[in-house]
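FYI, the numbering for the sequence shown is 1 to 67, going by full-length UniProt numbering.
Honestly, I wouldn't trust all of these hints.
Computed beta-carbon distance windows for the label pairs [to be verified]:
(1) Tyr54 with Val21: 17 to 25 Å
(2) Ala52 with Met1: 26 to 34 Å
(3) Met1 with Gly28: 40 to 48 Å
(4) Pro57 with Tyr3: 29 to 37 Å
(5) Ile11 with Asp53: 38 to 46 Å
(6) Met1 with Arg29: 38 to 46 Å
(7) Pro51 with Pro13: 30 to 38 Å
(8) Arg35 with Met1: 33 to 41 Å
(9) Pro13 with Pro61: 12 to 20 Å
(10) Met1 with Phe67: 40 to 48 Å
(11) Lys15 with Arg45: 20 to 28 Å
(12) Tyr3 with Leu65: 31 to 39 Å
Simulated from the structure, these hints should not be mistaken for lab results. Note that beta-carbon positions come from the ideal geometry of N, C-alpha and C, so glycine has one too.
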Amino acid sequence: MLYTPLSYEEIFPAKDEVLEVFETEVRGRRVLCRRGADGLPRVERLLSTDPADYLDPDWMPGSVLQF
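Let's have the full structure, built from the sequences with the hints guiding it.
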């Protein structure tokens, strides 16, 4: 039983709706990215041990990566 206001489809999307996430390195930092509807890579998750990286708005989830 799930105690959430979200619908079943929002929690468990159909397999064809799952977007591919890929890992890359940008400016020395490992980042999980996902291509947006416009085709540009967007930050999904930052993989870093440096706390200062998480305060940098360039690595904020949803921001477009600049190579």
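How the hints compare with the structure:
1. Tyr54 with Val21: 17 to 25 Å: holds, 19 Å
2. Ala52 with Met1: 26 to 34 Å: Taking Cβ atoms as reference, Ala52 and Met1 lie about 41 Å apart, which means the hint is violated.
3. Met1 with Gly28: 40 to 48 Å: This hint holds: roughly 45 Å between Cβ atoms.
4. Pro57 with Tyr3: 29 to 37 Å: Cβ of Pro57 to Cβ of Tyr3: about 34 Å, so the range 29 to 37 Å holds.
5. Ile11 with Asp53: 38 to 46 Å: violated, 30 Å
6. Met1 with Arg29: 38 to 46 Å: holds, 40 Å
7. Pro51 with Pro13: 30 to 38 Å: holds, 32 Å
8. Arg35 with Met1: 33 to 41 Å: holds, 35 Å
9. Pro13 with Pro61: 12 to 20 Å: Holds, at about 18 Å.
10. Met1 with Phe67: 40 to 48 Å: holds, 45 Å
11. Lys15 with Arg45: 20 to 28 Å: holds, 21 Å
12. Tyr3 with Leu65: 31 to 39 Å: holds, 36 Å
Checked against the numbered hints above, the structure violates hints 2, 5; every other hint is satisfied.
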